[in-house]
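Asker: This is what each chain is made of:
4 protein chains.
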Amino acid sequence: MSHNIFGHVFRISTFGESHGPAIGCIIDGCPPGLEIDADEIRLDLQRRATGKTRHTSQRREKDDVQILSGVFEGKTTGTPIALLIENTDARSRDYENIKRQFRPGHADYTYWKKYGFRDYRGGGRSSARETTMRVAAGVLAKKWLKLNHSIEIQGWLAQLGPIRTDEVMDWDSIERNPFFCPDPAKVTELEKYMDALRKSGDSVGARVNVIARHVPAGLGAPIYGKLDADLASAMMSINAAKGVEIGAGFDSVAQKGTEHRDEMTQRGFLSNHAGGVLGGISSGQDVIVSTAFKPTSSLRIPCQGLDIDGNEVEIVTKGRHDPCVGIRATPIVEAMMALVLMDHILLHRAQNG
Amino acid sequence: MSHNIFGHVFRISTFGESHGPAIGCIIDGCPPGLEIDADEIRLDLQRRATGKTRHTSQRREKDDVQILSGVFEGKTTGTPIALLIENTDARSRDYENIKRQFRPGHADYTYWKKYGFRDYRGGGRSSARETTMRVAAGVLAKKWLKLNHSIEIQGWLAQLGPIRTDEVMDWDSIERNPFFCPDPAKVTELEKYMDALRKSGDSVGARVNVIARHVPAGLGAPIYGKLDADLASAMMSINAAKGVEIGAGFDSVAQKGTEHRDEMTQRGFLSNHAGGVLGGISSGQDVIVSTAFKPTSSLRIPCQGLDIDGNEVEIVTKGRHDPCVGIRATPIVEAMMALVLMDHILLHRAQNG
Amino acid sequence: MSHNIFGHVFRISTFGESHGPAIGCIIDGCPPGLEIDADEIRLDLQRRATGKTRHTSQRREKDDVQILSGVFEGKTTGTPIALLIENTDARSRDYENIKRQFRPGHADYTYWKKYGFRDYRGGGRSSARETTMRVAAGVLAKKWLKLNHSIEIQGWLAQLGPIRTDEVMDWDSIERNPFFCPDPAKVTELEKYMDALRKSGDSVGARVNVIARHVPAGLGAPIYGKLDADLASAMMSINAAKGVEIGAGFDSVAQKGTEHRDEMTQRGFLSNHAGGVLGGISSGQDVIVSTAFKPTSSLRIPCQGLDIDGNEVEIVTKGRHDPCVGIRATPIVEAMMALVLMDHILLHRAQNG
Amino acid sequence: MSHNIFGHVFRISTFGESHGPAIGCIIDGCPPGLEIDADEIRLDLQRRATGKTRHTSQRREKDDVQILSGVFEGKTTGTPIALLIENTDARSRDYENIKRQFRPGHADYTYWKKYGFRDYRGGGRSSARETTMRVAAGVLAKKWLKLNHSIEIQGWLAQLGPIRTDEVMDWDSIERNPFFCPDPAKVTELEKYMDALRKSGDSVGARVNVIARHVPAGLGAPIYGKLDADLASAMMSINAAKGVEIGAGFDSVAQKGTEHRDEMTQRGFLSNHAGGVLGGISSGQDVIVSTAFKPTSSLRIPCQGLDIDGNEVEIVTKGRHDPCVGIRATPIVEAMMALVLMDHILLHRAQNG
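Line by line, the protein sequences are chains A, B, C and D. So for the first sequence, the numbering used here puts the first residue at 1; every next one is plus one. So for the second sequence, the numbering used here puts the first residue at 354; every next one is plus one. So for the third sequence, the numbering used here puts the first residue at 707; every next one is plus one. So for the fourth sequence, the numbering used here puts the first residue at 1060; every next one is plus one.
For reference, chain A alone in the conformation it holds in the complex (with noise of 0.2 Å):
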């Protein structure tokens, strides 16, 4: 809820720049018990990793994540868990050239204008690597609600550029491409589309979607620690969110009452617009939200910008970026969807046993 820590008594504490020593994260209030080695947190980070494959970013860093604390013989402790990733790929020269700019689009500038100061290389902390963190917490949380209350989380590809891909046609297929798309017949079209892209230099959006089931009627803390609230706050602090929806989003605006109520049965709901929350609570329906992503802003096609001096520059941006942020973010929604309801199970069994 506060600068650098998310949650309210599962809580993450992340730091680390994109091209410092290291990075890392402190989780606070895990349960003790949870059986977790370092293998199994690396194999969230191969599915959001940079260099995975010619569509995103080709910095190919290893993620040797080392747990530092807070699991002994295996289990966690009860105590705080911290994570390590040292940074091995970070190639600093790359960014010499936009030390005294501010690249638009970029937190560049608004940095400078907070701190007066600051670690210009790859983005400093305003990198996408910091995302690592959340994904290294999130497998922690992932396989504590698996293993405690069946809870199955997966994200999923629903946009890219204009391609829409919302629509789930086999869930299997998700993992079995590069850009977590659940039709395997877009795939090809989805590739072709990237392919042109990288070629012509310049970025293009996402809409990344989430689903959580399983998840137990009753969690939420209103009225300001709504779970919706939660996971809105949640998605928008990922980089590049700019805009998230829990269920029908959007379209509620449209919609009427007679449609957007989620009827009752004894057989169950009878449609899902709410996204599984009603009053910030939990409904036991599946909780679904959609995460918007910018375009990055890191192309090599020039662009007016500013230098730290106030004079006009032409930007162009080097280093290796990707051309669609939101295609690896899939793992990173998952995450915070995650550490989301880790959070509010615990929270509400401490007012409600």
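Please keep in mind that the hints were generated in silico from the structure rather than gathered at the bench. None of the values given here were measured: they were computed from a predicted structure. None of the hints are false.
Going by beta-carbon spacing under 8 Å, a handful of chain C positions derived as facing chain A: (1) V715; (2) G735; (3) P737; (4) Q1057; (5) N1058; (6) G1059.
Each residue gets a CB set at the ideal place from its N, CA and C atoms; glycine is no exception.
Following the hints, put chains B, C and D in place on chain A, whose structure we already have.
Answerer: Using the frame of chain A, we list chains B, C and D on its own:
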């Protein structure tokens, strides 16, 4: 860091149920020396008041706010400011029939699942009546922001069901019609639509935009206290909210990077797709947020539901309800914008002097 | 994570000034289903009430507490519980003479330095009247702890000026005298001492002990949410508190390890120098805390002070003051003990189920 | 304020066990632009280092602190600062014998009761090794306070077992002896006492005082973020702490109001019984805190205890332990003072500009 507390260093804690003795809030962390009186607060309360026009609920609360603490000789003292409004027009008998029923689309079921017990009268704690206190607290924030930073905040109805009104044709017109519609030419269309809707017994969703001007660059505490993440949380915490966008929002998905990135010149930014936030920190541009509100589910048109014993029942909601809750959301999104900005200005100066 | 909020997941936020319209609090995170009514709260308020005997202040507040929210049909609902007491016996004219003066030993000067502005009437926010709400909130915590964990909390006067009463001779006698003295043989001595003190116009300090029995082992969230650290914060936050001890406290300084360490057998611990807390976590032994209260500085005996213009002035404090504020502190330290234990039980079950 | 995070807006989160791979911390909210390097941090770490003299534990850690983030080109950037120290001299074999035993006076039993599982090596998370990171974080706070407010913080040994050294005879002498003793005449007595104690196999308690000079008036956020309450929490959270006093502390109990109240003249206060805090807010006087530390229970002298199966066992603690943990507490209480003051200065300027 939440439950019923919102904010980091300028914090709001609200209490009260729709049909309880009173609703109220504590504002904690308000700078000393701000001149304020109850009448100023009442002005904004009237903007969101029920019973304002035939298009909103006919519950007629006087909303006679009292300042119980933290203000001495007309000025804030720096200590907690408590505001209180007694509930006077609560007609609990309207709710006898739903005492044992879960209204679909409402928080009845989820509160029941969470707490095993609920104040069913008028939605209890989940009633939109709680937002009265957000508006009241927002008055102090808006005033302080205006006096100290010339920040101006204005909300408007951007869409009501099928009618789009997102383009502001006339800023002054917003306050001159009961819809907060920024296009005088559309008011008649809105009135006709609402009259027909009310007759039909149905409800409809809405989208409300809000702009904050003259926001200084540098606000936002990355990574987990990002300005946009806190705005997303703030807006999603409002009753009936289902989606939040910053700047281009979901339109970013189909945008190219060359289109989305807001180029900078010495005359300023050439566009504002970012909505005034880059990397979670304000850029000095206008901060623009859009929120989707679902149609209320309180309808006299029957639907299928369950009662607390699990029996299937036909639900008909009587009582006095807004056919479009989004109409009255305009002062609420303004208030939430003000509370977030106020909090972040104070938080910024904590760290940055 | 504070300002005017106390606790992690069971949280109290208070408001109100000594001579303002009312004082009150919000209790956030209380489990649902606890039966409570205003009369139960009033009982404990009477224990700390002003005007109880000739030994305490003659301000006679009815302390007619109202429950404004969070309780429905006599039971807590899980939503924020607001309590309110209107101030009725505030005689602000008593304070006209100190309007522009800083009473030594009071918060007058420091509030002025902090906020540049203050409600001078009766100490404003710094008045011990605020503790009324701690006692009120503590009633709910004490009741819940008793019902759910058989926890019993009892405070007593351990020393008043030179008179030591720390050894409990008769638990039942504590409530039968106006001093909360646990030794009936000392009551007359205390009365004589206080009568002489009152005549002299001076005041004196006191030490108050509190014990909590049947506290389950395992409470406390190391490192920075340790049970003893939270107890220290709780007690030191009470008006006039200057010192806090857990168990052997300052006596530990001269102890040897062989003396201090509480050996364990199958029949239990052989001593309790730890005061029930080891490594910040409860051990299952009685939790014992001792708090030092300074003598009030509100005296009719003149002293040197300054006014707000920096002039030297002779200060004489009229008004109705307790010659020993520690006497009435007993219900307050009990309440703070209850609030901390309640918070930690809920926090414990968040992480540990 | 919660779990493993300390502070409101300048916040410390630590991790690590005594015999795990590493210990570390995240410092969140540090103002940008502070020059800092690892060597400065190491200087203070040496002050608390084990192996310093024959009077403290013979564990010889290099405490080779690394700065992993938040510092760029030698200056803080405003983003989270991570510090890391690898554990190199951990001899876990020393602890094999207590793997299944609960050492009396230790956190072994309580961690077991809380988490049902523990890292038993060297006390795991409850080891005083954690305080290394407090000292490390404190270095940044102390430096910033000195540079920006001329605040100076100095701790000293005030009592060791029966030997009182609370009166400061020579400020400069404190750093010139291994006891942080402010009276050169007492050093030989302390050495003899400690030599005899070590031979006896026993341990002893200590009292440590700390003063902060040039603290501006106005720090402290009443009611539940009072400066003295936060100091009490800070000191009580240190391993082995059992009591905390501000100013006159427990001596206040026997004081009269005419004695205790610190009269004010144009030349300043005439005394400082308050210890620099009135009503929870700093007065501009020196802030003075005294902390009691119990004798360590890690003794080679056998005692009665239990094992994890509930059997009675004779406990003998080998390993390398301090016969008086209070000696090394001096840099720790200084660090905690610095962290609290830093936090409150930033918090103050949030609300008060």
